[in-house]
Each structure stands twice: as structure tokens, then as C-alpha cells.
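Residue numbers (this note's numbering), protein chains in the order written: chain G, 1 to 445; chain U, 1 to 293; chain Y, 1 to 355.
Quick caveat, the hints were computed from the structure, so don't treat them as lab data. Among the hints, a few may not be true.
[Said to hold, decoys possible] Restricting the straight-line Cα-Cα distance to at most 16 Å, the calculated cross-link-like pairs of lysine to aspartate or glutamate (EDC-like) are:
no., chain 1, residue 1, chain 2, residue 2
1, G, 203, G, 415
2, G, 406, G, 301
3, G, 434, Y, 99
4, Y, 129, Y, 213
5, U, 125, G, 279
6, G, 304, G, 66
7, G, 300, G, 372
8, G, 425, G, 388
9, G, 282, U, 55
10, G, 432, Y, 99
11, G, 434, G, 120
12, G, 434, Y, 174
13, G, 318, U, 55
14, G, 311, G, 301
15, G, 177, G, 234
16, G, 443, G, 388
17, G, 318, G, 303
18, G, 368, G, 415
19, G, 179, G, 234
20, G, 180, G, 234
21, G, 282, U, 121
22, G, 97, Y, 46
23, G, 345, G, 444
24, G, 204, G, 174
25, G, 179, G, 199
26, G, 204, G, 444
27, Y, 129, U, 291
[Stated by the list, open to error] Anything over 10 Å on all C-beta distances counts as not near chain U; from chain G, calculated:
no., residue
28, 40
29, 120
30, 234
31, 255
32, 261
33, 353
Quick reminder that beta carbons are idealized off the backbone N, C-alpha and C, glycines included.
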Amino acid sequence: MTTSRFSPRRLTAAFSLGLALVSGSATAAGEQYFPLQSYRVGPYAAGGTGFFGGFIDYMQLVNARDGGVNGVKLTWSECETEYVVEKGVECYERLKKGLNGAPAAATNPLSVGIAYATLERSTADRIPLITINHGRTDSTDGSVFPYVFPLQLNPYSEVSAIVNYIGQREGGLDKLKGKKIVTLYHGSPYGKETIPILDILSKKYGFAISHIEVPHPGTEQQSQWLNIRRIKPDWVILRGWGVMNPVALKTAAKTGFPADHVIGNIWSNSEDDAAPAGDAAKGFISITTHPAGTDFPVLKDIEKVVVKAGKGNLQDPKRFGSVYYNLGVVNGILNVEALRIAQAKFGKRPLSGEEVRWGFEHLKLDAKRLQDLGATGLVQTLTLSCSDHEGGGAVRFQQWDGASWKVISDWVQADRGLLRPIIEKSAAAYAKEKGITPRNCAKES
Amino acid sequence: MDFFLEVLIGGLLAGIMYSMVAIGFVLIYKASGVFNFAQGSMVLFAALTFVSLVERGFAFWSAFATTLGAMLALAWAIERGVLRPLVNRPPITLFMATLGVSFIIEGLAQLLWGAQVHGLELGIKDEPIDLGGILLSRFDLFAAGIAALLVLALSLLFSRTRIGLSLRSVASDPLAALATGIRVQRIWAVVWAVAGFVGLIAGLLWGARLGVQFSLSLVVLKALPVLIIGGFSSIGGAIVGGLIVGAGEKLAEVYAGPVIGDGLENWFPYVLALLFLLVRPAGLFGQRTIERV
Amino acid sequence: MLLSETGQFSTCYAHDRRAFRLRQERVGLGLVLAFAFLVVPAWASDYWFSAILIPFLILSLAGLGLNLLTGYAGQLSLGSAAFMAVGAFAAYNFQLRIEGLPFLVSLALGGLVAALAGVVFGLPSLRIKGFYLIVSTLAAQFLVQWGLTKFGWFSNFNPSGVITAPPLTILGQDLSSPAGRYLLTLLVVTALFFLAGRIVRSDLGRNWMAVRDMDSAAAVIGIPVARSKLLAFAVSSFYCGVAGSLWAFTYLGTVEPHGFDLNRSFQVLFIIIIGGMGSILGNFLGAAFIVLLPLLLSNLGGSLLAGVIDQGHIENLQKILFGLLIILFLIREPDGLASLWRSLRARARVWPLRA
Chain G
1 MTTSRFSPRR LTAAFSLGLA LVSGSATAAG EQYFPLQSYR VGPYAAGGTG FFGGFIDYMQ
61 LVNARDGGVN GVKLTWSECE TEYVVEKGVE CYERLKKGLN GAPAAATNPL SVGIAYATLE
121 RSTADRIPLI TINHGRTDST DGSVFPYVFP LQLNPYSEVS AIVNYIGQRE GGLDKLKGKK
181 IVTLYHGSPY GKETIPILDI LSKKYGFAIS HIEVPHPGTE QQSQWLNIRR IKPDWVILRG
241 WGVMNPVALK TAAKTGFPAD HVIGNIWSNS EDDAAPAGDA AKGFISITTH PAGTDFPVLK
301 DIEKVVVKAG KGNLQDPKRF GSVYYNLGVV NGILNVEALR IAQAKFGKRP LSGEEVRWGF
361 EHLKLDAKRL QDLGATGLVQ TLTLSCSDHE GGGAVRFQQW DGASWKVISD WVQADRGLLR
421 PIIEKSAAAY AKEKGITPRN CAKES
Chain U
1 MDFFLEVLIG GLLAGIMYSM VAIGFVLIYK ASGVFNFAQG SMVLFAALTF VSLVERGFAF
61 WSAFATTLGA MLALAWAIER GVLRPLVNRP PITLFMATLG VSFIIEGLAQ LLWGAQVHGL
121 ELGIKDEPID LGGILLSRFD LFAAGIAALL VLALSLLFSR TRIGLSLRSV ASDPLAALAT
181 GIRVQRIWAV VWAVAGFVGL IAGLLWGARL GVQFSLSLVV LKALPVLIIG GFSSIGGAIV
241 GGLIVGAGEK LAEVYAGPVI GDGLENWFPY VLALLFLLVR PAGLFGQRTI ERV
Chain Y
1 MLLSETGQFS TCYAHDRRAF RLRQERVGLG LVLAFAFLVV PAWASDYWFS AILIPFLILS
61 LAGLGLNLLT GYAGQLSLGS AAFMAVGAFA AYNFQLRIEG LPFLVSLALG GLVAALAGVV
121 FGLPSLRIKG FYLIVSTLAA QFLVQWGLTK FGWFSNFNPS GVITAPPLTI LGQDLSSPAG
181 RYLLTLLVVT ALFFLAGRIV RSDLGRNWMA VRDMDSAAAV IGIPVARSKL LAFAVSSFYC
241 GVAGSLWAFT YLGTVEPHGF DLNRSFQVLF IIIIGGMGSI LGNFLGAAFI VLLPLLLSNL
301 GGSLLAGVID QGHIENLQKI LFGLLIILFL IREPDGLASL WRSLRARARV WPLRA
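Same shape as in the complex, but just chain G:
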């Protein structure tokens, strides 16, 4: 029999010390709290550090420059999810109660899996779940999903906007007839989600569409690109994720497909997707809702107030103004504006999740407001409502010049009218399955 060299007493002592340290820290009443389910390690750390860096820096800016939102300071704490669903759920449960009396405003997990797993919990706990540019498409229908907000762009709008852009490039949507388009998608639910929409669009405009799957993680794509070479498409839509993107560009070069006819989607649009492919990425086009760059007044302010003061959240200052960072800033702007709108109704105090939800539902960003925020061109104009939790549906296109992204188009709008019935049908099916009675949006104020 082996005997242990761990003393049980020492173990218990260590454990109780640990638990004692967990409880107890400083107080922060009178503040508004943002629970951050961030991810700074693991395969997607590059995206997580950028996004949460931008989000935190924007909140720091609001605190330092404006003294908070109407005097209510913002506070936050982080919990590492590693992009893993259970950790995200644990973090959600840990943070949802608020921080030392500061109530939680909204959760922003930036992960489809975590968003799905906390969707029902958020609704039950009355805390808005913000899934900017991603998430469950049918949650756009706020009558069924009152607490879920796929802000700016849901996956259906994304491919619709890409097809519209290809139409523009070809000289009109009618010119799409007879063209060949291939989508190269990540072999996951996220990747497959848009297949039916592309099929509908292909019927509507008369282009031929082929869907080619790349199995996760996508480190090897030789056969897929040889297939593409055989099809000889006019355009390739890349719906990738993580390492799949640079490999796609490298393999495209290897098989002689021009990078400037590859269009990346919203998760294939960062520096980290293009730069590792080196020269092979030159000319690669992608969509974005939040152009990279530091030329926006709001970024200048962050630089002046936060970064120069040595408080910037980024470990690598070179990533200031990168795609993920700017997405974080945009996300910060949208959260803070929703808070501001809710405060106008409920009073200038820390608000409950339910009240912040009202703010999101009445979020309205017009050109004037964007100008005031110093975010013209960085954020699109948005109008949310009870029935429409997406609000925008417009994207810009950018091209990789070998070192950075250059914006090459104005805002291109998705055909949201075409998508709406599909979304409503899917939401209705969900409502039926779950026994939810949809709100009557005509009666909501």
C-alpha cells in the first residue's frame, strides 16, 4: 500500500485559506457594473485580449474624461472563460449578482457557445445578453428574445451584405446571373448557419453557389482549394475562424487563386487573420462593422486620456486601433449609450439589468450622435426597437495591403426585408418549442 505524503491537515488549511481570500474586498456602491467574461489565454486569446482591451479602455475613458455616465462611474471585473462554454457559464453565475452592490448592466461574452448557454439564464435573471456581430440570428426578433441583442449585424445580414457587395463590384445585382461563388466555411454550427440563406440568394439572383467545408481547426486545406480550383469561381466567401483564415489565404496562393477575390466575413477580418499569411494575404478583402485605425476622435481621446496615462489595457501597444480592439471600443460605445438612454428614463443612478434592457431596446444612434461621440465612420447608425434587436445590418469593406487594412467601400446594407420572414419563422418555432408567448411589439413603449 502506498502512503501519501500529503498531509490532510495541510490540505484543509490551504483550502480554507483559499476560500477566505475569495470573499471580501473593497466596496463600490453607486457604480454601474459590467461583468466581463473575457478570454486571454487559449486558442482565441488574440481576439479576446483585443476586444476586452478596447471595451475596458473605452470604459476607462468614460470614467476619466466624463466622470462616468451622468456621474455614475463604471466598474468591471474579469473572469477567464478560455472561450470554453462551461467556464463562461460559471463566470456568468459568479458575476451576475453585481460587484459589491453595483448592479450588472449587461453581459458581453463574445462567444457564440457561451451566448447560447447563457441565453435562457439571462432572460430568467433579467440581464441583457449582448452578442455584437454574432450570436443567434433569430434573436433579432425581440418579441421572442427580449433580453438578447445581436447588435449591428447577425449572420444572415452578413452574407446578404457580402452578396450585395459582390453585385456592386460586378456592376449591378443583375450581373450576378451566371456567376459562380464558393463559400468556404468552418466546419461548425457557426460556419453552416448561413448555407440556407446563400441558397435563397443564389436562386434570387441566379448565381451558382457551392458550399465547401473545412473541418475544425482548418490547419490543412489542400483538397478544399484544389476543389475550388476545379470549380473556377468568380468569388470565394471565406467564413472562417481562427487559424483557418491564414491557412486559407496561404493555400489560395499555393493553388493560384487571387486573394483579391476572396471575401472574408466578420470573423475573418482581423489583422491576426491576414498578417500570418504574409504576402499571400495581399489584396484580401473582408467586411467589417468597425474599421481598423486610430484616426477616429474617440480613439484619439482614448490614446490621450488612457493610454498616455499608462493605463491602457493592451499588453502590446502596437495593437491599439486594431480590428478587435476597435470592435471592443464600438461595443463599449453601444453599451454606454444604451445605459445613457436608460438613465434618461429611469434616473441618473446605477440601473438594474431590466432597466438597461429598455435602454438597448430604445438605442438610437444617428449621424449627429455619432459625430458627438467622435465615432463617425467607426460605428454605423443604429435604431433598435422591440421587434428589431439588430438595428443596423450594414458593413464596410476593407482590403489588406500587406501591413494594414484599408477601407475600400462605404456602408453596404444587407437586404433585411428578405431575411426578416425567415428570422420571424425561426423565432416563432423557438417560442413554440419553449412555450414562450411573444410580446406584442405594437403595444410596447
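On the provided structure of chain G, position chains U and Y as indicated by the hints.
Then chains U and Y, alone, in the frame of chain G:
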């Protein structure tokens, strides 16, 4: 026919890339009987260290040498801290320990060098070569050349040097080797160091293909079926296994994909390996074990 | 004194063969169960239910499943998560397609489908041994994930391939609150643990151990090796399948095929290594370690080091620490936490006569 050849050759070349990772496994398994799951993290660590040094202004060769030094230190630490205390434990315990090692290496790599993604250029322009209508990848050919050199060097090391001799004796019977005065532990350190070197080479080649990022450690999953087909203890087997897996999965994806559904590259190598094993239960080149009751 | 055997005599063979021979152990077990069923639901918070207790119970069950296969029957598997996925998706489809099927029945049916899958992927074990066997379960791991993503039928053509929990009602009782989900999980897990305790002491369990220790020798003395191995795969996969259903329905409430990836299989493997192979109790200990340690580390790191070191660094340090602890465990406590318990118990039996 041209297309078939293109797919086949592309697959064979990709297979050699898998072999590069598999060789690292084989070396360690041969010498210490450890199924080293941390090989993928070692590939990541090497590539990340190298590229970070280059970005900090090191020249190619000095970065290479420094990284190699780091890999040797790592190998020594693993031998001292993990293998020695776990000697004579069942293989599954050792396997689990290497999982622990991979956590440490991955954490360490990101702690030291951060989480961002790096590009790595080895100075080979990857424009396709047109050979009678068949496109060949310049980079993959280069990688195959490197792999051939590596295998040659390793076989010379094993068959022509004193260290190689003691290594082979440790591989065939550690106890007997110990009895003849061979310092088994030093041999282990040497083997882990060589595996670190192979990891560095694999890291550079894979890094140039994928970009240097966390996902590099996932190439392990491609190397496993290669190992299983080739047998855990044969370098030649790793090469042959790589060729079979590479060609098999590409042909299956292109020709069987449209029939049973595409995206089958993840599981196809495993099923292929399973079929091979049913015929030869110890892999193509593995040692057949004789059981006594 | 605590575990004194004085005065406890076996008066028939059945008493001698009991799993818990000492009165103190039986009383202790009763107390633990009473605590878990009666006290915990009244006392614990939502956070404890949703983030700690439920995953702990489910992972213990999955660990038990793998332990039956690896710890008792000696067949290495890296595909536990695949069988969990099969169980979850099968249970979901039974629930969806058969009107009014009770939840517990679909749970069991899901487990049976997983058992079937286990037998299929266990067939190669009749010919392949040792480490090479991982190829079969790895094939299961990747094939299942691919199939569930590829064919929309499994997820009822949900565009995101995600399945969501059916309403959790048993005998008209709504159990969808955190405490209800906890009780449901606890009930299923307790029942299956008792069953496993019986199995490993039955003929089948003895056959498994003979096969584990040396299958050629087992064959020589007339143990049906092939049947034992396949039954091990079947029973183990049944347990994993039920654990998968619970994971999807009582823990997360929604799950996608990717949620049952290779990392989950490794996690289950960690549980049995740390908890102790060939031990029933070890699964609880291992699962507790796996669930609590990262939480403790991240809470500690968050409160101790916040502001001192960059957040990303803290996470990486935690990862390193976790790896170190695993290695430390393997070195210091090769038979897992269960052996720690065993030695404690051995000491308690003679205490205070000998320390």
C-alpha cells in the same frame, strides 16, 4: 487524371508535414516509452520563441541557436522534473504527465511571448510550380527536402555514433542497458533534446504554413493517426504513415466527400488507421509484442 | 474508535459481502446522502448549484463511466466525450420525436444508444491492445462530432446545430429551477453509482479485473474475454451517455456537438487519474478536484494579484500551476486521491490505539 495526380501529390507532401511532428513522438517513445502528448506544445513553444526573437531583432541563425538552447533547457527540465520521478510507472500515468507538461509549456509560451498571432516567412515564395499542367507547391517541396535531410541525419545519429548505439540499446532493453553501464537518464535527456530540435524544425515549417499561433499545438491531432499507422517506434514508419494519411485523406475528401458529406478529413485518418491496425495490430513497422502468461 | 469493528460480527455470508461492511460506514453514507438531498437544496445558492454542484455530479458520473472501462476493465479510451454526445443527442431526439415520453425514460434510452455506439467502437479492442487502442476511441471522438454537425436531423435542423433542454418535469413536478435540476442530477447520479458498486462486485466486475490484469491469462482460465470487453464498453458508454444527457439538459440547458470535443475526453481522463483508477469513490474526489481547483485558482488570482500583474499573465500562471499540480499529483499520489482516503480509513480503524 491531372487532377487526381495533383490531389495525390498534394496529399503526399502534406503527409510529410504530419510526419515531421510524428518523428518527435517516435524518438521519445522509442527511448523512454512515453507517449508524449506535449510534442505539439513543444512545436508551438519553439516556433513562438523563434519568431519572437526574430521580431526583437535577432538574426536568423542566432535566433535559431537561442531557441535551440531554450528547447534543450526545456528537455532537461522535463527529464529531471517529470520523467525521473515517474520512472517505472504505467504508460498511462506518463501520458497524463505529458498532458500536464503541455499545460505548463503552453502557459509558459504565452506568458513569455503574449497571445498575439505572428507571421513567419522563411524566404520561400510560395508560388505554384506548373509541371505539365500539375501544380506543385514550392514550399511543400522545400519542406519535403528538409524532412528528408532530417531523417538522414537522425539515422546517421542512431547508426554511426556512440550516443546512437547507447540509444538503441536503451530502446531495446533499458535494464540491460543500465547493467552495461549506460547512463539511461542522460540518454533520455539527449532524446528529449533531439525531440526538441525536431520540434523546432517542425515549428518553423508549420509556423510558416499557418502563422505562429496557439493553434500550432493542434497539429498533434494530425500526427496521431500517422503514428498509429506507422507504429510508435519507427521513424521510417512515421514517414510512410504520413504519406498514407496525407494522400488518403485528400483523396477521400475530394472523391468520397461529395458522396458521404465533406469535411471528413478529421476522422478519416483515424478510421484508416483503425483499418490498418485490424490487419497489423502493432502498426506497420511497430514491434509485435509477444505475450507470456 | 471512529471506525472500530468491535462487536460487529457477520452472521451470514451476505453480510460479509456487503459493500459497506461497517455500521459506521453505512451510517456515514446515510448522513452524506441525507445532507445532499435535504440540507444542500435548502442552503446552497444559485451559483453553487449551477456552477459547482451540478457539473461536479455529472463529471463524477462521466468519470465513473470511464473508470469502469479503463480502471476496471483496463481498456484505454479517449472517446468519453463522444459517447456523452451520443447520449445527449439521442435523448434529445427521443424526447422530441416521441410525444409525452417521460424525461427519465429518454435519459435511459439515450444511454442505451450510447451503449450501442460503445460496443461498435469497442469491437476493435478484441484485436488491438494497449496504447494503439486509443485510435478506435479517437475515431469515435471525431466521427461522432462530424456526424452530429453534418446531419441536421440530429439537432432537428437547428441552423446552429444546437440542441436545447426539454421542459424538465417529472411526475408533474417542475424541476427547472437550479435546486430542482440539482436534485434531478443527484437522483440519477446516486442511483447509477449504487448500480456501479454492485456491478464491480459481481461476476462481470471480477471478469473485468481479470481482463485488465492480463487478458491472455484471463482467457486461459476460461473467462469470456471478448464478451467482458464488449460489455465493459457498453456499460461504460451507457454511463457516459447518461452523463452527456445530464450535461446538456440539467447543467447547460443547451449544447452543440463541439461541446463534447477531445478536451472533454481529456477532462474525464484527468478525473479518473487524479481520483484513482479502479475506485468508485475516486470519481467524486477527482471530479471535485477538477471542478474546484480552477475555480479556486481563478478566484485567488483575481483577488490576490489583480492590479499587480496583467490579467492575461494571471491566467497563464494559473494554467502553469494547474499543469504543475497534475504532475505533482502523479508523482506524489500515483493511485489518486482515493488512496489518500484509503490510508486515512486504515488509520481511523486503529485510532486511537495506534496513531
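Status of the hints after comparison with the structure:
no.	hint	in the structure
1	203/G x 415/G	15 Å, holds
2	406/G x 301/G	22 Å, violated
3	434/G x 99/Y	15 Å, holds
4	129/Y x 213/Y	13 Å, holds
5	125/U x 279/G	9 Å, holds
6	304/G x 66/G	14 Å, holds
7	300/G x 372/G	14 Å, holds
8	425/G x 388/G	14 Å, holds
9	282/G x 55/U	20 Å, violated
10	432/G x 99/Y	15 Å, holds
11	434/G x 120/G	10 Å, holds
12	434/G x 174/Y	14 Å, holds
13	318/G x 55/U	13 Å, holds
14	311/G x 301/G	13 Å, holds
15	177/G x 234/G	12 Å, holds
16	443/G x 388/G	14 Å, holds
17	318/G x 303/G	12 Å, holds
18	368/G x 415/G	25 Å, violated
19	179/G x 234/G	6 Å, holds
20	180/G x 234/G	5 Å, holds
21	282/G x 121/U	14 Å, holds
22	97/G x 46/Y	10 Å, holds
23	345/G x 444/G	15 Å, holds
24	204/G x 174/G	10 Å, holds
25	179/G x 199/G	14 Å, holds
26	204/G x 444/G	35 Å, violated
27	129/Y x 291/U	12 Å, holds
28	40	7 Å, violated
29	120	30 Å, holds
30	234	20 Å, holds
31	255	6 Å, violated
32	261	16 Å, holds
33	353	31 Å, holds
Hint check: violations occur at hints 2, 9, 18, 26, 28 and 31; the rest are consistent with the structure.
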